[in-house]
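J.: Throw the hints in and build the complete structure from the sequences for me.
Note that our numbering has the sequence shown beginning at 1, numbered continuously upward.
Restraint ranges, calculated between C-beta atoms of paired labels, are given here: (1) 332 - 411: 20 to 28 Å; (2) 328 - 360: 25 to 33 Å; (3) 330 - 228: 22 to 30 Å.
The calculated lysine-lysine pairs, modelled on DSS-like cross-linking and capped at a C-alpha distance of 30 Å, are: (4) 130 - 115; (5) 373 - 347; (6) 255 - 12; (7) 347 - 401; (8) 401 - 373; (9) 106 - 60.
Note that these hints are calculated values from the structure, not bench results.
Values in this document were obtained by computation on a predicted structure and should not be read as measured data.
Glycine included, C-beta positions come from ideal geometry on N, C-alpha and C.
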Amino acid sequence: MLAQEIPQVDSKLVERLGQRLLPWMDWLSLEHLNPSIYVGLRLSSLQAGAREAFYLHILKLSYQHSLLGLTFNDDNSDYQDKPSMGQLALYLLALRANCELVEGRKGDRLVSQLKRFLEDEKKAIGHNNKGQPHTSYYQYGLGILALCVHQKRLHDSVVGKLLYAVEHEQHLHQGHLSVDTVAMAGLAFTCLEHSNLNPNRKHQITRAIENIREKILKAQTPEGYFGNVYSTPLALQLLMKSSMPGVELGTACLKARAALLASVQDGAFQNALMISQLLPVLNGKSYVDLISPDCEAPRVMLEPVVETPSPPQEVIRVVLKVPSVSPPYINSISVPAGSSLEDVLKKAQKLRGFMYGTQNTLSGPFLTSVMGKEAGEREFWQLLRAPDTPLLQGIAEYTPKDGETIELRLATW
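T.: Right under this line is the structure:
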């Protein structure tokens, strides 16, 4: 397999990356729990010992408490307190990463709920495939993958919607290929191919995997990334498990891996979800390995980082612009060097004249409203560095530099 050809990574670099996940494991409320952290650690060369086991215990308590009380009716009044389709799918991956298969009455209800989510999305897409899922094709693929690793069969029509989307490029987002979306679809299809859960779709699934590999390889940038730095880990998870022959694939993967390692050394990976997708890659693993997880593989114990007092920081100025409201907002905000964009927004709000709202997601806080203006259907608040460079990180991860102008723009997709 290609994964075995990829050379070992500096263990200290991987360890420092894993240590960044430890603080996230102290956030134990349902809105902050992230099953992806557990999955990433179990597929990595690292472990967090008792802390890791306790995190899984809290995941089980929280998800089962919130989900097993979910009734199958149309009353969504309490929906915000329930995990989303993507969160439920990641929870099922976390159980499988611990070598558990969902079974029994409780397990059946979890599976039924995820299947219901997918059926609702299938209806939203429509029989003519002209609609869009309520969430995204990324979550749709993730849901299929989660059920697949537990050997739970989905109706051919559910799988068929994702096959159609890949074939007709409905994963396109804002005019460019969404590499993480097609990579997740590819991982789901690879699992289905290995498990042969949908034999009637076998040939279509094989063609779709080949199609996705070609699209991802064509999306490689001169720097080596597939799409961008944060979509590359999932792309590599798929490509590393490829049986497709040829030097081109191996060369592309090695180039992407080298670019990722350089980005890690530069501190680009701070987000827990992104780190948890990268750690398996650095261990030659993929979500597809959860079909038959190896729970006895030796892993190195992570030690918490001892924080040392930091010297006094200089103050920088960041210009914050919001042209999508009337009157347009613009202000220069002073914050300590090293502050995140979220710190800038908080300071602006404290100064009055600016307000914003966020929603907690597995990727961190997601900007939902600015100056009282909510993003509508198929709209989102885009983060840009002036004059017109979209930010790849979220508000909690991006660190503005002195003199930068950050624009919050209401965009459509």
